[in-house]
Amino acid sequence: MTSTLIETSIYAAISESIQAEAKRILSDGQVSTIVGYAAARRKGSAQPIVITDASDAQKLIFTPACVNNLAVYLTKAKKDIPKKGKIGIVVKGCDMKALTGLMGESQLKREELYLIGVPCAGVLASTFAPSQELTDESLAPKCTECDAHLPTGCDFVPTETPLTPELEKKYAVEIARLEALTPAERWAYWKEQFAKCIKCYACRQVCPFCFCEQCLCDRNKPQMVETTPRPAGNTAWHIVRAMHLAGRCAGCAECERVCPMDIPLNLLNRKMAKELKELYDHEAGFEVTEKGPLTMFNEKDDQSFIK
Amino acid sequence: MHLAQQQHTFEPKIFAFVCTWCTYAGADLAGTSRMQYPSNVRVLKFPCTGRIDPVFILKAFQQGADGVLVSGCHPGDCHYIAGNFHARRRFAVFRKLLEFVGVDLNRLQFSWVSAAEGGKWVEVVTDLTEKVRNMGPMTEFKELAMEEQWSGAINTPELKEAYNAI
Amino acid sequence: MQKYISRQNFTKLLDQLIATGTRVVAPRMNAGTPLYEPLASSAEMVMDQLPRRSAKEAYFPVCEDIMTYEKEGQKVSITDIDPARFPETVLVGVRPCDACAIPVLDAVFSWDYKDEFFLERRRKTTIVGLACTTSDDACFCTAVGLSPADTKGSDLFLTPLEGGGYVCETFSDKGEALINDHTSLFNEPNNATPLPLAQPYTEKFDLKKVKVWLDEHFEDSSWDEIALRCVGCGACAFVCPACHCFDIVDEGTEKAGKRRKNWDACGFWKFTHHASGHNPRDQQPKRYRNRIMHKFKYYDDKFGQTLCTGCGRCIRVCPVGIDIAQIVEEISKK
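Protein chains in written order, with the working numbering: chain A, 1 to 307; chain B, 1 to 166; chain C, 1 to 334.
Excised from the complex, chain A in its bound form (with noise of 0.2 angstroms):
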């Protein structure tokens, strides 16, 4: 099977907006910091950067490669980044969602941001090297379910519109292919996976969402959660983590990308989002809300399953 090019040509114009942009806020004093992506050592590949200077911007890019969520510079566990001023940040669609969520639990405020919104057409795969093109295959599953190419409400985005030809969508076959399974099937293939875990809570520290000081699971007295990196203590792991994200998730897809397992964490919060649009009507990350569906209720919700 050939793979299909997905065109990234409009990333070059892309880059040179932000950095114009980052430039001009950052020379009137519009943002005192901005977080952002530059080219690292290895071919093709991108890190997230923080600019303080406006003579810094030009080393800010977008690239098939700028895979991170830079959303989770900003929650409040792992903010070290300086705080004085407005902090302006480059987010791609799915990462403006994680920022509506945290937005509505209170974790940031819109006034304090400045939003450089980046057309994108997809990022890659975990599994590519970055110096890989960007085809169908090479594709991160979450792009082949984006409905987020343009980003809305931000500060700036560049003009450009980028060309997204209609993929399968991954996860929802994915799901479907294990939702079809007996329920001993579907034991035997997470076993498997979450087998697999170290416990390296790289899909914590990476996830804009997880942003308790202390994580249940980091806790001993109760301990909730076995710590050891053995089957049980990684299958507890992993339910809790996802239940704790449900209804929250929008999908950036972290979790997943930096597994160094490859497990396939996005499945269980794609599975979730799924359930709470069935049940009610809630999609993550379009609206700044209040209240989550798992913080409010309605006196007519489902109770079929109670008896």
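Please keep in mind that the hints were generated in silico from the structure rather than gathered at the bench. Since this is a predicted model, take the numbers as computed values, not measurements. Among the hints, erroneous ones may be present.
[Claimed, not checked] Okay, derived cross-link-like pairs now, EDC-like style, lysine to aspartate or glutamate, Cα gap no bigger than 16 angstroms in a straight line:
(1) 307(A) to 148(B)
(2) 96(B) to 179(A)
(3) 13(B) to 130(B)
(4) 170(A) to 145(A)
(5) 43(A) to 136(C)
(6) 258(C) to 130(B)
(7) 191(A) to 148(B)
(8) 204(C) to 137(C)
(9) 191(A) to 127(B)
(10) 43(A) to 137(C)
[As the list claims (entries may be wrong)] Pair by pair, the computed Cβ-Cβ distance ranges are:
(11) 21(C) to 105(B): 40 to 48 angstroms
(12) 76(C) to 147(A): 56 to 64 angstroms
(13) 152(A) to 44(B): 44 to 52 angstroms
(14) 44(A) to 272(C): 31 to 39 angstroms
(15) 278(A) to 6(C): 56 to 64 angstroms
(16) 220(A) to 80(B): 26 to 34 angstroms
(17) 5(A) to 6(C): 39 to 47 angstroms
(18) 84(C) to 80(B): 54 to 62 angstroms
(19) 174(A) to 16(C): 36 to 44 angstroms
(20) 105(B) to 177(A): 15 to 23 angstroms
(21) 152(A) to 77(B): 41 to 49 angstroms
[Said to hold, decoys possible] Here are a few chain C residues that face chain B, going by a calculated C-beta distance under 7 angstroms:
(22) 37
(23) 86
(24) 88
Just so you know, even glycine gets a beta-carbon here, dropped at the ideal spot from N, CA and C.
On the provided structure of chain A, position chains B and C as indicated by the hints.
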């Protein structure tokens, strides 16, 4: 009743997480009314179903429960006004997650039992116990608890035996 | 001793070992991820991919029990884990970057305290190294003074030849024993050409200069710059062949449980968290500084060795693209 119970080859362990205001009082009523129900159930009392974290259910299965019951006040009867409404949403979602991970939902029962419903308590507990008894022991989490990462495994025939005995 | 083994005989050797009850650990695919794991048959072995985790877990497990306890009334009974029960293991297809880390770790595990768990597993493990013929731009073994054909740490070292087969060179009694126990599978070396070795492109670092800079710059503004992007997970330490920190936890109920030794990582916020609530490494840059310091200064101070073999795993898995090779290179140029 007791004689009848002894004939079973498998006695499931059922953990019941109940709210103190309704279901616990309902279970108490069943007791004071001298109603009989399976002794397989171990009742754990909470202030409200809203206090019952999904992690407790997970932990119950890990600690050897074959079935779990969560029970509280009927909608509108919550002592704290809305605790059970919140719980209802949380458990509706949590059971979907457990199902997706491969837990058979027949082992997990939710119910509303008021302080006046001693009879319903007996019915719910008896039904769940019978259902779980027919399904046999919950082996998934117990097997998992016996498993090690290959690197930490040692040659222990006893452990293997214990594992095979599950 | 130098011998030749054909590819066919090599798979036979593994299958014979497996059949006689020896645990053969080699790279294999586990649900899509290459990992060093026990083989059920030689067919499972994957030789062309660098396993995602290093080989250290063969002698430094992800988690292992060190004792179990049971309590009945006031009586507590404790059972130690007997290291005699560790299985005999042959670790096959170990890349030089993994094998070279083993003697480095021996130093710390047999220093003031002899760690019987580590040392006994080491005694029972025969390491069959394999020269690297492929690499990517994250590899930098040559930069830290090693090479894709470094034999340090290997009991037996395989160099792949054109047209299949390997030259086997022994470096210890364990390696010789492996050949002597299966003499019929080995032949005298022929003059087949070895496959070209991998060529990690990075130039050699001046590690002395790096250490001199580190000696003087515990406090330095560049740490903030380097590690501001670090999100504090343990991925780098857990895939590293040389990182060896562990945590001891008791898990179980009041009636019975286990004391376990688990991998730990200096990137975690909890790593230096005191019971009092104080945390001397209260910010991520301080934690990341420790990672660099430990690898290129502290370990050198104590044992005269560098705690990095240039496998590049941490570079590949880092969620935010932190590149240790780039950092060390920049330090060496300061």
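Status of the hints after comparison with the structure:
| no. | hint | verdict |
| --- | --- | --- |
| 1 | 307(A) to 148(B) | violated, 38 angstroms |
| 2 | 96(B) to 179(A) | holds, 11 angstroms |
| 3 | 13(B) to 130(B) | holds, 11 angstroms |
| 4 | 170(A) to 145(A) | holds, 7 angstroms |
| 5 | 43(A) to 136(C) | holds, 10 angstroms |
| 6 | 258(C) to 130(B) | violated, 34 angstroms |
| 7 | 191(A) to 148(B) | holds, 12 angstroms |
| 8 | 204(C) to 137(C) | holds, 14 angstroms |
| 9 | 191(A) to 127(B) | violated, 30 angstroms |
| 10 | 43(A) to 137(C) | holds, 7 angstroms |
| 11 | 21(C) to 105(B): 40 to 48 angstroms | holds, 42 angstroms |
| 12 | 76(C) to 147(A): 56 to 64 angstroms | holds, 59 angstroms |
| 13 | 152(A) to 44(B): 44 to 52 angstroms | holds, 47 angstroms |
| 14 | 44(A) to 272(C): 31 to 39 angstroms | holds, 36 angstroms |
| 15 | 278(A) to 6(C): 56 to 64 angstroms | holds, 59 angstroms |
| 16 | 220(A) to 80(B): 26 to 34 angstroms | holds, 29 angstroms |
| 17 | 5(A) to 6(C): 39 to 47 angstroms | holds, 43 angstroms |
| 18 | 84(C) to 80(B): 54 to 62 angstroms | holds, 58 angstroms |
| 19 | 174(A) to 16(C): 36 to 44 angstroms | holds, 40 angstroms |
| 20 | 105(B) to 177(A): 15 to 23 angstroms | holds, 20 angstroms |
| 21 | 152(A) to 77(B): 41 to 49 angstroms | holds, 43 angstroms |
| 22 | 37 | holds, 6 angstroms |
| 23 | 86 | holds, 6 angstroms |
| 24 | 88 | violated, 9 angstroms |
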